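Residue numbers (our numbering), protein chains in the order written: chain A, 1 to 150; chain B, 1 to 608.
One thing to keep in mind: the hints can contain errors.
Pairs of lysine-lysine residues, derived as DSS-like cross-links and limited to a Cα-Cα distance of at most 30 Å, are as follows [what the hints assert, rightly or not]:
id: 1; chain 1: A; residue 1: Lys44; chain 2: B; residue 2: Lys315
id: 2; chain 1: B; residue 1: Lys70; chain 2: A; residue 2: Lys131
id: 3; chain 1: B; residue 1: Lys247; chain 2: B; residue 2: Lys26
Honestly, the hints are just simulated from the structure, not real lab data. All values reported here derive from a predicted model rather than from experimental measurement.
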Amino acid sequence: MDAQTIDGIIERHPQDPSSIIQVLLDIQNELYYLPKDVLEYVSKRLGVPMSRSYHLATFYKAFSLKPKGKYPIAVCTGTACHVQGAMKIYDQISRELHITEGERTADNRFSIESVRCLGCCGLAPVVTVGKNLHGKIPVAKVNKILQQYK
Amino acid sequence: MAYRTYLMVCAGTGCVANQSMKVRDKLVAEITKRGLQNEVAVVTTGCNGFCAVGPILVVQPEGIFYQLLKETDIPYLIEEHLLKGRPVKELLYTPPLEKTPIPKMSDIPFFADQTLIVLRNRGLIDPENIDEAISRGAYEALAKVLTTMTPEQVIKEIKESGLRGRGGGGFPTGIKWETCRNAHGDPKYIICNADEGDPGAFMDRSTIESDPHAVIEGMCIGAYAIGSPEGYVYIRNEYPIALERLKTALKQARDYNLLGKNIFDKGFDFDIRVVRGAGAFVCGESTALMASIEGKTGEPRAKYVHTVERGLWDKPSCLNNVETWANVPQIILNGAQWFANIGTGDVSEDPWGGSKGTKVFSLSGKVNNTGLIEVPMGITLRKIIFDIGGGIKDGKKFKAVQTGGPSGGFIPESLLDLAVDYEELTKVGSMMGSGGMVVTDENNCMVDMAKYFLTFTQEESCGKCIPCREGTKRMLDILEKITNGEGTEEDLVLLEDLSNMVVESSLCALGGSAPNPVLTTLKYFREEYEVHVRDKKCPAHACKKLITYNIDPEICVDKGHGCDVCRKNCADGAITGETKKVHAIDVMKCGRCGICLDVCKFDAIYVE
Ligand SMILES: Cc1cc2nc3c(=O)[nH]c(=O)nc-3n(C[C@H](O)[C@H](O)[C@H](O)COP(=O)(O)O)c2cc1C
Ligand code: FES
Chain A
1 MDAQTIDGII ERHPQDPSSI IQVLLDIQNE LYYLPKDVLE YVSKRLGVPM SRSYHLATFY
61 KAFSLKPKGK YPIAVCTGTA CHVQGAMKIY DQISRELHIT EGERTADNRF SIESVRCLGC
121 CGLAPVVTVG KNLHGKIPVA KVNKILQQYK
Chain B
1 MAYRTYLMVC AGTGCVANQS MKVRDKLVAE ITKRGLQNEV AVVTTGCNGF CAVGPILVVQ
61 PEGIFYQLLK ETDIPYLIEE HLLKGRPVKE LLYTPPLEKT PIPKMSDIPF FADQTLIVLR
121 NRGLIDPENI DEAISRGAYE ALAKVLTTMT PEQVIKEIKE SGLRGRGGGG FPTGIKWETC
181 RNAHGDPKYI ICNADEGDPG AFMDRSTIES DPHAVIEGMC IGAYAIGSPE GYVYIRNEYP
241 IALERLKTAL KQARDYNLLG KNIFDKGFDF DIRVVRGAGA FVCGESTALM ASIEGKTGEP
301 RAKYVHTVER GLWDKPSCLN NVETWANVPQ IILNGAQWFA NIGTGDVSED PWGGSKGTKV
361 FSLSGKVNNT GLIEVPMGIT LRKIIFDIGG GIKDGKKFKA VQTGGPSGGF IPESLLDLAV
421 DYEELTKVGS MMGSGGMVVT DENNCMVDMA KYFLTFTQEE SCGKCIPCRE GTKRMLDILE
481 KITNGEGTEE DLVLLEDLSN MVVESSLCAL GGSAPNPVLT TLKYFREEYE VHVRDKKCPA
541 HACKKLITYN IDPEICVDKG HGCDVCRKNC ADGAITGETK KVHAIDVMKC GRCGICLDVC
601 KFDAIYVE
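Take these sequences, add in the hints, and give me the full structure.
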């Protein structure tokens with residue numbers, strides 16, 4: 001992300017340290033992670049010490065310091081999904097792709113994370129791959145779903 | 001222009017996930033194809049609540065309810081219903097175990113037993129169009145307040161209604177407003193808590209998605225009562241649809257001068273800013289939330305001085321939950337007494353003396369009718385789960401219902417006739433919470449569920465105070481030990497001791513209530529813990545380390561003729577056998593993923 005784009009994002013918010021979380025969220029939503037140089041640039045522009053930006057970036061779950069895969073996989077581990085066996089689904093994906101929480105496959109295709117209630121508990125267990133949502137998945141279907149993205 | 005028929009397509013998150021937008025597009029295409037576009041309108045609405053049967057379409061004004069729609073159903077539906085005037089039976093809702101479909105939405109048990117105040121507009125308006133909200137009475141209460149009431153009168157009305165906070169604690173709203181109005185400091189802030197941290201709940205999000213103006217109007221009224229020029233909505237970043245709808249609604253309200261300067265020409269100024277949360281459960285707590293709005297990490301502080309005195313930017317701040325705000329306009333319009341007539345107890349003397357109005361719950365887990373419901377306070381859990389919820393899925397046995405999310409507890413079958421109100425739920429060790437209600441059945445292990453919630457709270461502990469940071473971690477260690485079959489009797493005692501210690505000594509309510517899931521399961525399901533400890537077994541067959549997968553050789557050969565499907569699907573290569581012969585699982589190799597159980601068509605696989 002170049003300085004101009006970042007400036008554009010910063011301009012959408014009040015130009016003071018209180019905006020740092022909102023600015024970082026905008027960047028995270030676009031890049032799916034916070035590259036170090038971007039974090040440094042934003043800190044400087046908003047007058048926030050790097051130590052604090054780093055504290056924020058690691059405190060809040062929305063931020064990631066590592067890039068995600070082309071198809072980020074989010075397994076809902078909310079309560080409704082948990083009682084319908086979300087962990088089985090998570091384990092199966094993790095085993096199939098040889099990655100665990102926050103990691104990316106060697107070919108950069110997939111990354112995996114667990115998230116909380118996606119608001120469609122009626123479809124539990126729920127997994128999103130990229131922008132697509134898959135609901136009511138039996139463990140046995142996991143591999144088939146992954147294959148759609150290979 | 002008025003239409004003869006309105007096709008209300010649900011665009012709540014659940015229905016959208018089930019492709020309701022494709023259904024909508026198809027409806028529009030078919031209607032245009034048949035030249036009906038001047039008679040029939042297609043409207044996208046917020047969540048109807050009955051997410052279990054989405055995508056949903058309601059034909060108004062008759063209120064005919066269609067469910068589980070597919071794109072391919074649409075041409076026939078249009079032909080039959082709109083041209084020939086015959087509702088399509090196969091697409092109507094039929095209750096489980098019954099044969100006759102119920103055409104009318106209002107006759108379906110799921111809807112019939114609900115009372116709508118907060119969600120009164122759900123499914124009836126397009127949430128992105130302020131005119132539709134206004135035609136259903138939005139901002140009338142604000143007009144009434146600004147033209148005929150003093151701030152003191154507004155506060156009195158809210159106090160008399162008995163409205164209590166819907167975010168968890170149930171603090172009387174009128175008293176909070178009054179304290180904030182009387183606090184010294186300028187300016188004062190109004191804040192809406194839309195952080196919705198409970199990991200199995202989505203009431204606030206649905207409220208914003210289906211009727212954002214109710215929340216905005218409630219905040220305007222609160223701002224007038226308290227004397228605040230500026231409000232914030234703190235909303236989860238993970239809620240993109242709610243966020244967009246809220247922003248659209250705010251813009252439309254500003255365009256109509258329902259927000260901004262000199263509202264209704266009454267010299268009242270108020271505007272609202274949206275701030276997104278960044279995914280920390282603790283930020284639902286008032287002091288942490290305010291720190292987060294200030295751009296800091298969300299760490300709670302001790303509340304020697306309350307946030308109504310010194311909150312955001314050290315100024316008096318009034319924080320209420322989404323649902324609390326959304327109740328306000330209806331109370332103003334219909335009067336305190338109307339509201340106080342719904343619910344339990346008596347609030348005329350003691351503001352804590354009862355629970356008034358309704359509560360929105362997201363009902364999920366092992367019930368047939370999962371979805372979003374709004375019910376009067378005082379309704380029994382049994383009525384919610386068995387009438388509205390339609391009972392337990394697949395004829396299984398009810399085990400416990402969890403209310404209040406990570407801060408709440410598990411309620412067993414013996415207490416199902418409990419009236420749902422703040423005090424009753426607290427008495428049995430749970431709490432109202434923000435409205436998550438997750439039903440579990442015989443296949444859910446209570447130790448595993450306690451572990452689930454504690455894993456959550458332990459991860460979400462901000463780490464500032466030791467009892468919460470270390471205490472929950474030690475508790476989790478013990479639960480892991482027990483579910484791994486390494487627990488002892490002493491562990492149960494220690495677990496209880498630690499729980500009480502964490503409750504008593506944590507800085508904020510996150511730690512203070514984190515042990516509730518453990519304490520309630522220990523209280524009501526102690527036997528289940530003991531079986532884990534004593535026999536190293538998990539009666540619900542949920543704890544991986546304590547179960548084995550097996551194949552019944554007779555069923556495998558006699559019924560399945562050694563179909564070999566399980567062996568082909570086993571990811572661990574743990575199954576031996578060949579077609580027509582008996583199959584067996586090597587326990588040492590088995591990863592207990594459960595795939596074989598899923599794929600076996602003959603129920604030859606069993607768990608011990
Ligand atoms: C750890 C923790 C998480 C909370 N999460 C929420 C939440 O997600 N939504 C909410 O409205 N209140 C939440 N609360 C309660 C708020 O602190 C606060 O009491 C509430 O928003 C006040 O509004 P009310 O009086 O309208 O309920 C939480 C409290 C704690 C301690
Ligand atoms: S818990 Fe997974 S969608 Fe609600």
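Contradicted hints - numbers only: none
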